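So the protein lines, in turn, are chains L and Y. Per the numbering used here, the very first residue in the first sequence carries number 11; after that it's consecutive. Per the numbering used here, the very first residue in the second sequence carries number 224; after that it's consecutive.
There's no promise every hint is true.
What the hints assert, rightly or not - Calculated lysine-lysine pairs in the DSS-like style (CA-CA distance at most 27 Å, straight line):
id : chain 1 : residue 1 : chain 2 : residue 2
1  : Y       : Lys513    : Y       : Lys538
2  : Y       : Lys442    : L       : Lys248
3  : L       : Lys203    : L       : Lys117
4  : Y       : Lys538    : L       : Lys119
Unchecked claim - Here are the computed distance ranges between Cβ atoms for each label pair:
id : chain 1 : residue 1 : chain 2 : residue 2 : range
5  : Y       : Arg416    : L       : Ala169    : 46 to 52 Å
6  : Y       : Ile340    : L       : Arg206    : 36 to 42 Å
7  : Y       : Tyr364    : L       : Pro83     : 44 to 50 Å
8  : L       : Pro144    : Y       : Pro458    : 52 to 58 Å
9  : Y       : Ser631    : L       : Ile79     : 47 to 53 Å
10 : Y       : Met351    : L       : Ile334    : 17 to 23 Å
11 : L       : Arg115    : Y       : Trp519    : 35 to 41 Å
12 : Y       : Val622    : L       : Arg296    : 28 to 34 Å
13 : L       : Phe195    : Y       : Ala347    : 44 to 50 Å
14 : L       : Ala77     : Y       : Ser631    : 17 to 23 Å
These are calculated hints, taken from the structure and not from any lab test. All figures in this text were calculated on a predicted structure; none of them were measured in a lab. Ideal Cβ placement from N, Cα and C applies to all residues, glycine included.
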Amino acid sequence: MDILNALVVLTNFVLIPGLAYGSQIALGALGITLIYSILRFAHFAHGDVMAFGTAFVILGTWGLQAAGISFGPLPTALLALPLGIAVIILYLLLADRLVYRFYRRVKAKPMIFVMASLGVMFVTNGLTRLLMGPGERRFDDGQRFLVSAREFREWTGLAEGLALRSSQVITVVVALIAMGVLFWFLNRTKSGKSMRAYSDNEDLALLSGINPDRVVWITWAIAGTLMVLAGTLYGLDKSFRPFTYFMLLLPFFAAAIVGGLGSPVGAIVGGYVVAFAEMGITYAWRRVFSHLLPADWMPAGLMQALPVDYKFAVTFGILVVVLIFRPTGIFRGKTL
Amino acid sequence: MSINIRNIALFSAMGLALVMTGMFQSWPLALTILNMALISAVMALGVNMQWGYAGIFNVGIMGFTAIGGLAAVLIAMPPVGDAWAAGMAGSLEPWRAGIAGVVLGLMIGVAAILGAITIYQRMAPGKMRGLAITMVLFVGYLLASFVYGPATTAITRVNPATEGFLGGLGLPVILSWPVGALMAAGLAFVVGRVALGLRSDYLAIATLGISEIVIAVLKFESWLTRGVNNVSGIPRAVPRPVELQTRDWVQALAEQVGMGHAEMARVVELVSYAILFSIVLGLLIWLSEKALNSPWGRMMRAIRDNETAARAMGKDVSRRHLMVFILGSATCGLAGAMMVTLDGQLTPGSYEPLRFTFLMWVMVIVGGSGNNWGAVLGAFVIWFLWVQAEPLGRWLMDVLTSGLGADSGLRQHLMTQAAHTRLIMMGAALLLMLRFAPRGLIPER
């Protein structure tokens, strides 16, 4: 019985939140990895564009709520997703036309692209704050819990409860669907294949008649969709705040690099690695072990390796270890 | 010669803008802008050393600035005697009470890490090596937290409302400027050894991560910095306006100019800081110009422009990179200490990457990377815009939304958020310069 209770605590506080958080990071890291392999630069505006798209999803949600439209037990934000995605794709294509295309034409160094993305980052950040203000916003509605801790305790008779929030389930389901569609697109469709060809060898792809502009547009469209999905899911699961979204840049990049930059599978695996490491190292394990160890064996502390405030240190630690021991990442991405 | 006249004109225009601010808005505001611009200029020089001379892409400037700020606290704050021996009277043994516990705990931690590195280098690869490293790190972690945890908890319990930290050494605050530079240099050495071998994208992410970790340490290691409670009342480098106000010469000067005593005292204080900062900035520009035009500077630029060729010429690229990374970061640390000296307080929560890292990059790009004068001018222009963008943004929003009517909800929302237009302006400035004048206001010679 005790092992069961320990497992329930672990699932409730580490496994489920980690799975949801990992899915959000994986979606963001997929965008980073795609932009890196097609456009060949580190997209620093990722977090801010994500926040901008989520801002439109929130506005759409408010509009729908005002019109009295709801999505039953599901959050209304899911209905507003297409609006956010459409706006962000247009915004990214505009940014590409006004900013990045020029540098692509003159074959600028990757660092110049990064600088340009810093400029886009500033502008987008300003737009988001102009639209939503810098404060925290919650926009989840619908049914909050699929299984609440109290219900779980009543069903199973265990001492510990297991809560399953609907936002967590939605996150995982939506992320899985998005990943599935993305892999189908990359591996089965002509456009997806042309993208992979362009990523592998630009010159050869151009010679075989692939339209580079089209590949770039499709990349932005996919990356934009992934960004809005990641941003909305993160906002539903936690909350929306422009600064938090900006800071997600670090786990995104860590996940993409840990998995192997340029490898979509790597980005997903990297996302879960980063999420579970952050959760596992900053979680206070005392409650799990209180079910496993006899009372007089229990140490006094919280059994927490690092305070939650240092979760960036964990992300960074993984990044450093990977960079030193396996610079190409788990899935042998491109060497930088 | 023509380029010199152009530069002088640019700097004069900047000076004129500041004078206009003083005349039409207020002199304390103009001087506040000037002081922060001087500090930003020091920081921009540091960024310019790394990017302009050597092409190192560091997005962790905030971390080095913050650690310099920490130096101001550690040097200037009076020591908190009780905290140094915290827990001694209670249950803790002398070796894990107060500062002894902190130092011992940190030493054990460092020893464990060094031990793990030694094992990695000495032992043959295999399962045994992995096991040994894990064991050393795990035992080291347990030992370190056994000593460090109670000590820090005891320290934070000493008079928590006003103290709850170790305090500093109680030395003059100016001394923290070189110390801040040294501390930033130490951090840069460690970071550089790990991350400089990587290509620029990785280095960018690595430095971004490091700077976040530094801020996290400042925020949450409250035995060192009081954390989110902030350290205020750091001893001043020049007398406070309240004291200055009572001096005869300040009063006489105020009457001569026709200014209030209080305002004059504030002006005198700000001018004194401006003089101190100008001396530091002047010295740094002189040193940087000397370095840039020396064989060393030519070597650095050669490495930046073609690493392979420079390596083929027998230059030790990684050592040079490490050196210039340390120098640039130390300059940022110096600026960080200067800034905390000016503010008189350390507020770890106020360090935001947008303001302390990316704005510095805008300054260097707009001013002209690779040129020290360009970086300085960029710092002045961008800081001036950053401060003045707020009224400007409000005015712009007012004009843009004037058609909506005074009680329109959208207009009211946009007016309250108008300050954020400064971010859009900064981004636009960066993008426009990068596109149309990528060499900046004062291009590299």
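Each hint tested on the structure:
1. Y:Lys513 - Y:Lys538: Distance ~20 Å between Lys513 of chain Y and Lys538 of chain Y Cα, so the pair holds.
2. Y:Lys442 - L:Lys248: holds (22 Å)
3. L:Lys203 - L:Lys117: holds (24 Å)
4. Y:Lys538 - L:Lys119: Holds, at about 23 Å.
5. Y:Arg416 - L:Ala169: 46 to 52 Å: For Arg416 of chain Y and Ala169 of chain L the Cβ distance comes to about 50 Å; the hint holds.
6. Y:Ile340 - L:Arg206: 36 to 42 Å: holds (40 Å)
7. Y:Tyr364 - L:Pro83: 44 to 50 Å: holds (45 Å)
8. L:Pro144 - Y:Pro458: 52 to 58 Å: For Pro144 of chain L and Pro458 of chain Y the Cβ distance comes to about 33 Å; the hint is violated.
9. Y:Ser631 - L:Ile79: 47 to 53 Å: The hinted range 47 to 53 Å is violated for Ser631 of chain Y and Ile79 of chain L, with Cβ atoms some 25 Å apart.
10. Y:Met351 - L:Ile334: 17 to 23 Å: holds (20 Å)
11. L:Arg115 - Y:Trp519: 35 to 41 Å: Holds, since Arg115 of chain L and Trp519 of chain Y (Cβ atoms, about 37 Å apart) stay within the stated range.
12. Y:Val622 - L:Arg296: 28 to 34 Å: violated (59 Å)
13. L:Phe195 - Y:Ala347: 44 to 50 Å: Once the Cβ atoms are compared, 46 Å apart, the range 44 to 50 Å for Ala347 of chain Y and Phe195 of chain L holds.
14. L:Ala77 - Y:Ser631: 17 to 23 Å: holds (21 Å)
Hint compliance for this structure: hints 8, 9, 12 are broken, all remaining hints hold.
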